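Chains as they are written, first to last, in my numbering: chain X, 22 to 324; chain D, 22 to 324.
By construction, these hints were calculated from the structure, which means they are not laboratory data. These numbers were taken from a predicted model, which means no experiment stands behind them. Careful: at least some of the hints might be erroneous.
Pairs involving identical chains hold if they fit within one copy or between any two copies, as the list cannot separate such chains.
30 Å max Cα-Cα, derived DSSO-like pairs, lysine-lysine [stated by the list, open to error]:
#, residue 1, residue 2
1, K300, K207
2, K98, K218
3, K300, K155
4, K211, K98
5, K98, K207
6, K185, K129
7, K197, K98
8, K318, K272
9, K300, K218
10, K272, K218
11, K318, K197
12, K211, K129
13, K318, K207
14, K300, K211
15, K197, K129
16, K207, K272
17, K272, K98
18, K218, K318
19, K318, K185
20, K185, K300
21, K272, K155
22, K318, K155
23, K129, K207
Number of protein chains: 2
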Amino acid sequence: MSVLIAGTVALDSIHTSSAIHHELLGGSAAYAALAAALTNPVQLCAIVGSDFPAEHRALLTGHGIDLDNVESVEGGKTFRWTGRYHDDMNHRETLAVSIDVLEQFAPKLNPAASAVRVLLLANMSPDNQIDVLKQCLGNPFIIADSMDLWINIARERLQDLMQKVDLFVINEDEAKLFVDTTNLIKAGHKLQEMGPKYVVVKKGEHGAILFGPDQLFMTCAYPLRAVADPTGAGDTFAGGMAGYLAGLGRKDFSFADLSNAVVYGSVLASFTCEEFGVKRLAALTRDEAEARLSEFKACTTIG
Amino acid sequence: MSVLIAGTVALDSIHTSSAIHHELLGGSAAYAALAAALTNPVQLCAIVGSDFPAEHRALLTGHGIDLDNVESVEGGKTFRWTGRYHDDMNHRETLAVSIDVLEQFAPKLNPAASAVRVLLLANMSPDNQIDVLKQCLGNPFIIADSMDLWINIARERLQDLMQKVDLFVINEDEAKLFVDTTNLIKAGHKLQEMGPKYVVVKKGEHGAILFGPDQLFMTCAYPLRAVADPTGAGDTFAGGMAGYLAGLGRKDFSFADLSNAVVYGSVLASFTCEEFGVKRLAALTRDEAEARLSEFKACTTIG
Numbered sequence: 022m023s024v025l026i027a028g029t030v031a032l033d034s035i036h037t038s039s040a041i042h043h044e045l046l047g048g049s050a051a052y053a054a055l056a057a058a059l060t061n062p063v064q065l066c067a068i069v070g071s072d073f074p075a076e077h078r079a080l081l082t083g084h085g086i087d088l089d090n091v092e093s094v095e096g097g098k099t100f101r102w103t104g105r106y107h108d109d110m111n112h113r114e115t116l117a118v119s120i121d122v123l124e125q126f127a128p129k130l131n132p133a134a135s136a137v138r139v140l141l142l143a144n145m146s147p148d149n150q151i152d153v154l155k156q157c158l159g160n161p162f163i164i165a166d167s168m169d170l171w172i173n174i175a176r177e178r179l180q181d182l183m184q185k186v187d188l189f190v191i192n193e194d195e196a197k198l199f200v201d202t203t204n205l206i207k208a209g210h211k212l213q214e215m216g217p218k219y220v221v222v223k224k225g226e227h228g229a230i231l232f233g234p235d236q237l238f239m240t241c242a243y244p245l246r247a248v249a250d251p252t253g254a255g256d257t258f259a260g261g262m263a264g265y266l267a268g269l270g271r272k273d274f275s276f277a278d279l280s281n282a283v284v285y286g287s288v289l290a291s292f293t294c295e296e297f298g299v300k301r302l303a304a305l306t307r308d309e310a311e312a313r314l315s316e317f318k319a320c321t322t323i324g
Numbered sequence: 022m023s024v025l026i027a028g029t030v031a032l033d034s035i036h037t038s039s040a041i042h043h044e045l046l047g048g049s050a051a052y053a054a055l056a057a058a059l060t061n062p063v064q065l066c067a068i069v070g071s072d073f074p075a076e077h078r079a080l081l082t083g084h085g086i087d088l089d090n091v092e093s094v095e096g097g098k099t100f101r102w103t104g105r106y107h108d109d110m111n112h113r114e115t116l117a118v119s120i121d122v123l124e125q126f127a128p129k130l131n132p133a134a135s136a137v138r139v140l141l142l143a144n145m146s147p148d149n150q151i152d153v154l155k156q157c158l159g160n161p162f163i164i165a166d167s168m169d170l171w172i173n174i175a176r177e178r179l180q181d182l183m184q185k186v187d188l189f190v191i192n193e194d195e196a197k198l199f200v201d202t203t204n205l206i207k208a209g210h211k212l213q214e215m216g217p218k219y220v221v222v223k224k225g226e227h228g229a230i231l232f233g234p235d236q237l238f239m240t241c242a243y244p245l246r247a248v249a250d251p252t253g254a255g256d257t258f259a260g261g262m263a264g265y266l267a268g269l270g271r272k273d274f275s276f277a278d279l280s281n282a283v284v285y286g287s288v289l290a291s292f293t294c295e296e297f298g299v300k301r302l303a304a305l306t307r308d309e310a311e312a313r314l315s316e317f318k319a320c321t322t323i324g
């Protein structure tokens, strides 16, 4: 079943203690689309400048990702982000951001995109997320991801968004920031009270927690011996979830479906961390993902 | 099957943002013994001063804990620790420590204690841990816990100890410190290379990882909506593991046995966090522990 993924497409420059890479394909929607495309047709909604490299475009279409809803601004510059990771890979700082074409983003969906049954609003401004959501007329299952920036500068719009989504995804520190508590379980429940039926709190190397109406599901993360670049892991996670759910071929999901989606998203995210940018994710096969999923289940199953 | 637990017995004064409590029963061996005593006879090896309150002694013996190997130093003062937790409950600072009788601790085991088949060397100096270990003549399964203090001031003795134990338990930050890596999976494997067949890395609210000879097992922690006082949670975890293993009534354990012990220890540790000091742990029943274990399994089982 087709998935619509709306978010950012970017050119990322990434510094770690081991290497620096310039202008890699990045952005929340790029990672999420590649993750979802492993199992499903994906329609991507984003904006780029005319400087967006043909090779990045080819990489996306080569994975069966439909770019009809990606606006290309003639003479515009693609959104760029430069970041540096600390030695422990769990903390990063933004060195530079050039918003450029993102500022004029006014998403417009074609009829096929507006009819999808699974929609992922990957991380971007809540305004843009709501613009996309309003154009989806097929009563889709709606997943939204966000980040601290929007909690800090667009809290009210984010709250508006949360009343319209089925599943809200956010990372641990941001969840605590959003609802002002140091207890993660309390944070998850408070976020649910803001609207979404389901909340997923991403904990990076420590896994994720899914909060349902009257249930909770927790999972660890796949144990990586080395992390080359965690950029996009959270986006991959959300895209993997969306892809898993769309792959079920229906629109009503049980708590067990959502739990499995969390595990699947978490396993896909582990691949993203293994190389810089989308490199590992773009090379990933379904068999590799399935094999790691089995391995993961074996080392988390209580005897 | 009887468990021998050697470690510290202390009087703890604990400051959190919600309350301050003075001279509570504490110490690694007190928490661990109460945890193991839920399912097994426990022999405790420790040292206290003559100021050690009769009510604390009564609490321990009331749980069937044999104090014959607890030395009481006439005129000596019991080890005291005062600490303060930060608001997030994940970080604490030591405000005061009075070693007192601990300085002269020369553990001596009676014949019953030296014949046990499961030994937990709870957190104390590696010298004391090795002293106890040498007196155990029943070829026991040996678990040892430690902390950053000993890594920093007694690294060589700790390395000696590690060559003699079956299972080494340590928390996440300390594991990374010990083997100088930021990657937890690498840290676990490096610790194994130092001797122990099994290594457990405790991750507090994020659960624990068990490293076996050629397998790995990961578990989350029971989701607590509120933490009153995390003091002793790690000791409870180790004591719970020792108790679980002793309860199996044999001395050779499979990887699945160890995995189940990790889950059981983790669940017991969650009770300790719910109230100050040993209060919740001391009131815990087997039925409550079993019920939480079932609940925990339900919210971590992949569908």
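Consistency of the hints with the structure:
1. In this assembly of identical chains, K300 and K207 lie within 30 Å of each other by CA distance solely across copies; the values are 23 Å between and 37 Å within a copy.
2. Neither within a single protomer nor between protomers do K98 and K218 lie at most 30 Å apart by alpha-carbon distance, with minima of 38 Å and 56 Å respectively.
3. Neither within a single protomer nor between protomers do K300 and K155 lie at most 30 Å apart by alpha-carbon distance, with minima of 33 Å and 54 Å respectively.
4. Taking identical chains as interchangeable, the C-alpha atoms of K211 and K98 are never at most 30 Å apart, the minima being 39 Å within one chain and 47 Å between chains.
5. With identical chains, the CA atoms of K98 and K207 are never at most 30 Å apart, being 42 Å at best within one copy and 41 Å at best between copies.
6. With identical chains, the CA atoms of K185 and K129 are at most 30 Å apart within one copy only, with a shortest distance of 19 Å there and 67 Å across copies.
7. For the homomeric pair K197 and K98, neither the shortest alpha-carbon distance inside one copy (34 Å) nor that between copies (43 Å) is at most 30 Å.
8. In this assembly of identical chains, the alpha carbons of K318 and K272 lie at most 30 Å apart whether taken from the same copy (25 Å) or from different copies (28 Å).
9. Taking identical chains as interchangeable, the C-alpha atoms of K300 and K218 are never at most 30 Å apart, the minima being 34 Å within one chain and 36 Å between chains.
10. For a Cα distance limit of 30 Å, the shortest separation of K272 from K218 inside one copy, 14 Å, qualifies, whereas the shortest one across copies, 48 Å, does not.
11. In this assembly of identical chains, K318 and K197 lie within 30 Å of each other by CA distance both inside one copy and across copies; the values are 29 Å within and 26 Å between.
12. Taking the shortest alpha-carbon separations for K211 and K129, neither the intra-copy value of 33 Å nor the inter-copy value of 53 Å comes in at or below 30 Å.
13. Within a single copy, K318 and K207 get their C-alpha atoms as close as 27 Å, and across copies as close as 20 Å, so both meet the 30 Å cut-off.
14. Taking the shortest alpha-carbon separations for K300 and K211, only the inter-copy value of 29 Å comes in at or below 30 Å, while the best intra-copy value is 37 Å.
15. For the homomeric pair K197 and K129, neither the shortest alpha-carbon distance inside one copy (33 Å) nor that between copies (49 Å) is at most 30 Å.
16. When the C-alpha separation of K207 and K272 is checked against a cutoff of 30 Å, the pair qualifies only within one copy, where the shortest distance is 29 Å, while the shortest distance between copies is 41 Å.
17. In the homo-oligomer, the alpha carbons of K272 and K98 never lie at most 30 Å apart, since the shortest distance is 37 Å inside one protomer and 67 Å across protomers.
18. For the identical chains of this complex, K218 and K318 are neighbours both inside a copy (26 Å) and across copies (23 Å), given an alpha-carbon limit of 30 Å.
19. Within a single copy, K318 and K185 get their C-alpha atoms no closer than 33 Å, and across copies no closer than 32 Å, so neither meets the 30 Å cut-off.
20. For a Cα distance limit of 30 Å, the shortest separation of K185 from K300 qualifies neither inside one copy, at 34 Å, nor across copies, at 44 Å.
21. For the identical chains of this complex, K272 and K155 are intra-copy neighbours only, at 18 Å inside a copy versus 63 Å across copies, given an alpha-carbon limit of 30 Å.
22. In this homomeric assembly, K318 and K155 never come within 30 Å of each other (Cα to Cα): the closest approach is 38 Å inside a single copy and 40 Å across copies.
23. Taking CA atoms no more than 30 Å apart as the test, K129 paired with K207 passes in neither setting, with 37 Å inside one copy and 47 Å between copies.
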